[in-house]
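> Grab the two chains, each in its own frame, and use the hints to assemble them into the complex.
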Amino acid sequence: MPEALQNDPRLIYTSKAIHEALDEEMARDPDVLLVGEDIGVYGGAFGVTRGLYEKYGRARIWETPISENSFVGMAVGAAMLGLKPVVEIMFMDFIALALDQVLNSAGKLHYMYNGQVTVPMVIRTPGGAKGGYGPSHSQMLSNLFVGIPGIKVVAPATARQAKGLLKSAIRDPNPVLFIENKRLYPQRGLVPEGDYTLPLGKADVAAEGTDLTLIAYSAMVPVCLAVRKALEPRGLHIEVVDLVSLQPLDVETILGSVRKTGRAIIAEEACLTGGVGAEVAALLAAECMDALEAPVRRVAAADVPIPSSMELEKAVLPGADDVVRTVRDVMSW
Amino acid sequence: MATVDTAAAATEVLTACFRRMLLIRYFEEALSDLFTRNLLGGTSHLCIGQEACAVGVVSALRDSDWLVSNHRGHGHLLARGLDPARVMGELMGKITGYCGGRGGSQHLCSMADRFLGTNGITGGGIPIGTGAALAVRYRNLDDIVAVFFGDGASSQGTFHESLNMASLWKLPVLYVCENNGYAMSNPVGASVAAAGIAERAAAYRMPGRRVDGMNLVEVRRHTAELADYVRSGQGPALLELTTYRHCGHSKNDPRVYRTRTEEAEWQQRDCIEQAAAYLRGLGLTPETIAALRQEAHQTIERAVQAATAAPCGTREHARGGVYA
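Chains A and B supply the protein sequences, listed in that same order. Taking numbering that gives the first Met the number 0, the leading residue of the first sequence gets 0, the next gets one more, and so forth. Taking numbering that gives the first Met the number 0, the leading residue of the second sequence gets 0, the next gets one more, and so forth.
Simulated from the structure, these hints should not be mistaken for lab results. Among these hints, one or two may not hold up.
Chain B side only, calculated, beta carbon under 8 Å to chain A, not exhaustive [as the list claims (entries may be wrong)]: (1) Gly-99; (2) Arg-101; (3) Asp-112; (4) Gly-123; (5) Leu-133; (6) Tyr-256; (7) Tyr-322; (8) Ala-323.
Bear in mind that the values here come from a model prediction, so they are computed numbers and not experimental data. Ideal placement from N, C-alpha and C gives every residue a C-beta, glycine not left out.
Chain B extracted, bound-state conformation (with noise of 0.2 Å):
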């Protein structure tokens, strides 16, 4: 009886991650499209291919873990559950976006889910993380903070400086390392001198993992398994999830820098369909996950058309606020 309870416990966990991976990969496309048609300012890191990371990663920590992401961080919002209709108004400009449209897609704040922000500084968000676990051990709380970070990322002095100090006070962080294999367009062979990320941890004597982050299932479970370590009192630890993005860096991007070969072959490892296959697994049948599908697809077409709908900030709201 136990074992079956625990699978139909795990079953419901596993379909409410894959809702969620649904929803991110529909949103990045959406939005995709919205650039296609020139209907969106600015530029967009899309995360299609990495939701297991963030899925994964967010669904395995408590609510009242902090967050902070990076650039390509709208997984990572949608991952820890706020409004896509929200999240789409922020990256249009409108009112009715978390920040207002004052912040963007790269300055994507939500206090109120304890999401500290995405960062348009590549290794920007690792400080502001590292200081946060300070604050957190401060109050003697037992929560504790996820940064996600690329692999470039790992290259910036802010990476190598946060892990000494969060090391050396045995701060409650959890550094997650979302390695799709190119910093923009660098391959990480030709910036990182290490054997990978997960390696660099060893020099501030931290724990420190690579995991396939294709696979939701190992993503989640090593992530649990860290974020025991972390929340015990023993200090940071670093978790590399290899991924890839299946789109260019952000729009505009030929993909000059890798081959459609190893593209297909990514193609072939989707998270998604990887995590479609283990639910097939667990029993789901091919019509509760088509209608999962539809599903996600009119949230995100909702969320568009509520986020179209909005209005933009007043000149006001734009020149004012700077100083509290």
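Next comes chain A alone, as it looks inside the complex (with noise of 0.2 Å):
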């Protein structure tokens, strides 16, 4: 926090912020590569990259055809002799045809060769739905992702988190799964200008509160501060935990709001069965049963598909409704 605040902040898109992380990161070491299709002249499915390969050319820029697997397996390779490959998987649900790579070679190859080598690489991918994809396209697959050792996972929820996380993401000598949405590319937020970093596995306090702590991450947060407005001038002092990275869990911040609320609920974007809020409902009875005041409830998108129709989108995907009704219960119990 400090260091952000030597620059000047502006307000900007999450896109923009993404974007400024790539180029000064690019900027600033060589060994920096993009990987993935249609981030050439084309500028990425969702404008991320639009300007980078003018300005870094082909040497930099490896546009690829789709062969995701392939693809994420030569990133995997040419880190392993020291580049650092930032690969953009154009849809998160995508990630599914590179899978092999992500879970047998990028989080296995430190570990199972005793340390003889290290995977500094990043994976870029959108997840969550917006405006009528469909199936194929708007998964938020974070539940996926956490069950595979050696692999970090983290998913920003503002732009300012974005720009930070991603350095560092580039930075750090592990394979980094980088969660975006595609409902926070358009929003805006107070980014700083020029290098700073923000922690890989540190938890966010975003709003503090006494009764009750939401615990969301990615798009469902500003669900989250949003509802805590909303309920506020009711006199219900809701506490916003962004979990900011999914893998490491930032235990300690969770387990000293929840201790200090006594109740929680998880929000979150994925499918409700096997999520990132099964894994911190687990950690709060384990850990601060004493502690609780209410069961712990999660909010999240039903098991399901995600349907087509905007329609049936919405009736699918957790809202603030359904963030709402949960603190009723919670707080009633």
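As structure tokens, this is what we get:
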């Protein structure tokens, strides 16, 4: 935080903040390369890399054919030799095509080769549903990756976080899955100019409160902050903990908050079963049962694929109403 | 005079190759014996019969060239000159192994030897080697990467995706397919629609050659030619080596998918016997060859003893070291 305040913050889009992180890291370190589909003159499906091809050229921007498993595997091989590839997977659902290289190579090599290699690579990918992209372009698959030892997983909720965390991810010697969100790309936030980093593995208390803790990440953070604001006039003081890092979890911040408030709800965009929410709930049950004044509850997407129709999409995604309803349940317990 | 010198040098190089082939053969036989006696866990894919492929290719490359291997990788490791005692230690799960027992047979890496790992996922090493070639190119080095895989892997998406990208970007990779006729039990004729593996190179506009993988001298010659081509910056190449594993796919393979007659025919073409005959032709005496065999046997015996005596890692060793 203090280092971030050294520079003048500007109100910019999250997508622009990510772009700045890529641009500045590429300028700082010639070993940073970009790998992915349509990331050249087109600038990426969501425009994040726009302009970088003109600036850094073909040698630094490896625009690939549609071959996810192989270009992720190539990034692993290049990282083993010391390069720092940043891979873009156009939609998070497409990472299924590269899962072998994520699971069996990126996540395992450092351990199984007994520390002889590091795999300093980043996979950036937008998860989450927005505006009817449909079943193969909308899922938040965070739950799949927190169960892969060897991969760090971060999911920023603000533009400022996105820039500072992506820089840290690029500089980290481990493979990092950097989960972006289609709903957050056009959200603006205050972002310092120039270089700053934010630590991987640290949660952020986005707003303080005393009565209940809403634990969220990615696009559910602004939803929870809006709920907090809406319920404040009724005398309810909600604390919002932004997990930021899903692997590892910042256990200390989570437990500290829930020990203070005695009540917890985890809100996420991934489907309910086997999610990050389940992991946090298990943590709370094991570590702060004595402090809990009500059962821990989860708000998540329904356990269904994301339907295409925008009306149906709304019906399966967790929204502010679901969070409010659950807050009432927990407060009246 | 010049021809005499060249012949002497050739004899020396081929004798060194023969030594490595013997080491591999006896290493694999020792493993087979350990499995039979239930002294090893897991499974292992032996390369008995394919020694000329490993040694022929690796000996024709520079020591600074990178290697990527597959599930049947002991030959490649020993051909590169890794210590048999430490390879055996890894297979036995010992702390003295190259990966401290975490990797085992199919996940064995030695960065000091520029060996980027055997790989337990069929076709999994192909993009890794291609990416290593990208890094080599990016740094303007004149090393190349040789990627070993089998006929089965040539039907994986990673094979086609990687060859496509390597060709588009003219990456310095030599793809080496050891076609031993069977992907586990599935014969090549039932799994590859092309006339052969080498023919698949044409689709990616790179040279593809099929070479007798039982003939050490031929493997070396063609590898050297293709390595020169790849090193010159003209792009990748695909070398198909026709070979045979005299043993099963892994332990407990009853080999019901092939006939004993076929096996006997390939046994007649055994690469080690062929290499021995070639060396005798160059003037090596039967006594010298017998001595080389004896020496290789002893090296492997000592490797097994050293690995057997070595300790396993601790519980902390097993549970730590996931993140750098």
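> None of the hints should be skipped; say for each whether it holds.
Right, here's what the structure says about each hint:
Residue-level restraint check for Gly-99/B holds (minimum Cβ-Cβ distance to chain A is 4 Å; threshold 8 Å). For Arg-101/B, the interface hint holds, since its Cβ comes within 8 Å of a Cβ in chain A; the closest pair sits about 5 Å apart. Residue-level restraint check for Asp-112/B is violated (minimum Cβ-Cβ distance to chain A is 10 Å; threshold 8 Å). Taking 8 Å as the C-beta cut-off, the interface hint given for Gly-123/B holds, the closest approach to chain A being about 6 Å.
With a cut of 8 Å, the hint placing Leu-133/B at the interface with chain A holds, because the nearest CB-to-CB distance is about 5 Å. Given hint, Tyr-256/B at the interface with chain A, is violated; its Cβ is 26 Å from that chain's nearest Cβ, farther than 8 Å. A cut of 8 Å between beta carbons decides the hint on Tyr-322/B: the least distance to chain A is about 5 Å, and the hint holds. The criterion of a C-beta within 8 Å of any C-beta in chain A is met by Ala-323/B, whose closest approach is roughly 4 Å, and the hint holds.
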